[in-house]
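Engineer: The lines below spell out each chain.
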Amino acid sequence: MSILFYISSAVAIAATIMVITRYHPIHALLYLVVSFLAIAMIFLSLGAPFVAVLEIILYAGAIVVLLIFVVMMLNLGKDTAMQEKLWLDPKTWIGPSILAVVLLAELVALLVKGTTNADIQVPVIEVKKISISLYREYIIAVELAGFLLMAGIVGAAHIGKHKQRYLHRFLQNSDGTINAEEMKTEKKEELINK
Amino acid sequence: MSSFNAQSVLLVAAILFVLGLIGVLTRKNIIFILISIEIMLNAAGLAFVAAGSKWGQPDGQIMFLFILAMAASEISVALALVMQAHHQHKTLDVAKLTELKDEIEHAEM
Chain X
1 MSILFYISSA VAIAATIMVI TRYHPIHALL YLVVSFLAIA MIFLSLGAPF VAVLEIILYA
61 GAIVVLLIFV VMMLNLGKDT AMQEKLWLDP KTWIGPSILA VVLLAELVAL LVKGTTNADI
121 QVPVIEVKKI SISLYREYII AVELAGFLLM AGIVGAAHIG KHKQRYLHRF LQNSDGTINA
181 EEMKTEKKEE LINK
Chain S
1 MSSFNAQSVL LVAAILFVLG LIGVLTRKNI IFILISIEIM LNAAGLAFVA AGSKWGQPDG
61 QIMFLFILAM AASEISVALA LVMQAHHQHK TLDVAKLTEL KDEIEHAEM
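Protein sequence lines correspond, in order, to chains X and S. Under my numbering, the letters of the first sequence match residues 1 to 194, in that order. Under my numbering, the letters of the second sequence match residues 1 to 109, in that order.
In isolation and in its complexed conformation, chain X is listed as follows:
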């Protein structure tokens, strides 16, 4: 086990501690990206380069970007400008930067020394072996994962839609407006919410 593993583990744990103690979601997400990069480094030191690449592309790329988009869409308030000012505060980005620089130093050390299997002492499980196993023994699970992703897409598209208030046809008048009784309960709900 190389020293790189221990450095990356320390970075991952430090970044994760910072994630769960931040107040602002964007700061937490910055640390989360660093945590995922560090875990990708751990995967590399475990002899799993394919999974390390997927970790960076899918976790640090897709999932965190999705979270950032939602945070961005929800925060369109009057304090956006104030947050913009806070964003430029060095206190915000100095922590993730230091942790990321540690990872960069590891990468540079690997590149300068040249990656031999002496550094990564674990036998590498190559992509060919993974894909043969994935599409031979685990083909049912791959199809089930396809079902899951399909259900996820449909569910997200359906739930995320800003829909009109939909009533059953028995509760609607013939012209599609809402009954008076229904309106009353709706107003009551609004008052309760207030």
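If you are wondering where the hints come from, they were derived from the structure by calculation, not from laboratory data. Zero decoy hints are in this set.
From the structure, some residues in chain S lie toward chain X, with a derived Cβ separation under 7 Å:
id: 1; residue: Ile15
id: 2; residue: Leu19
id: 3; residue: Gly23
id: 4; residue: Ile31
id: 5; residue: Ile35
id: 6; residue: Val49
id: 7; residue: Ser53
id: 8; residue: Pro58
id: 9; residue: Ile62
id: 10; residue: Leu68
id: 11; residue: Ala69
id: 12; residue: Ser76
id: 13; residue: Val77
id: 14; residue: Leu81
id: 15; residue: Gln84
No residue lacks a Cβ here, since even glycine has one placed at the ideal position from N, Cα and C.
Given the structure of chain X, go ahead and fit chain S onto it with the hints provided.
Structural biologist: Positioned in the frame of chain X, the structure of chain S alone reads:
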């Protein structure tokens, strides 16, 4: 065969998992809860990959791929729910999102 210490990798995975669990249990903001769930899933995947490379088999990495697919679909549905909750309730505090609580129980108390 492999010269690495699986114990330390599992220790790191356990620490990350517990950190995610602490995040789920302590935070009130629903976005932080989702982030913590991602951390926990990632720690579980790390344990799988460590076990897979301990035995020199690709199965651990395949399990990680399935965890990845599950995490991606989970986070997309959950973020759609977050956007609906913010749209309808104007808050992300899970203590205030109590619409599913039974009204009768409320009245008895």
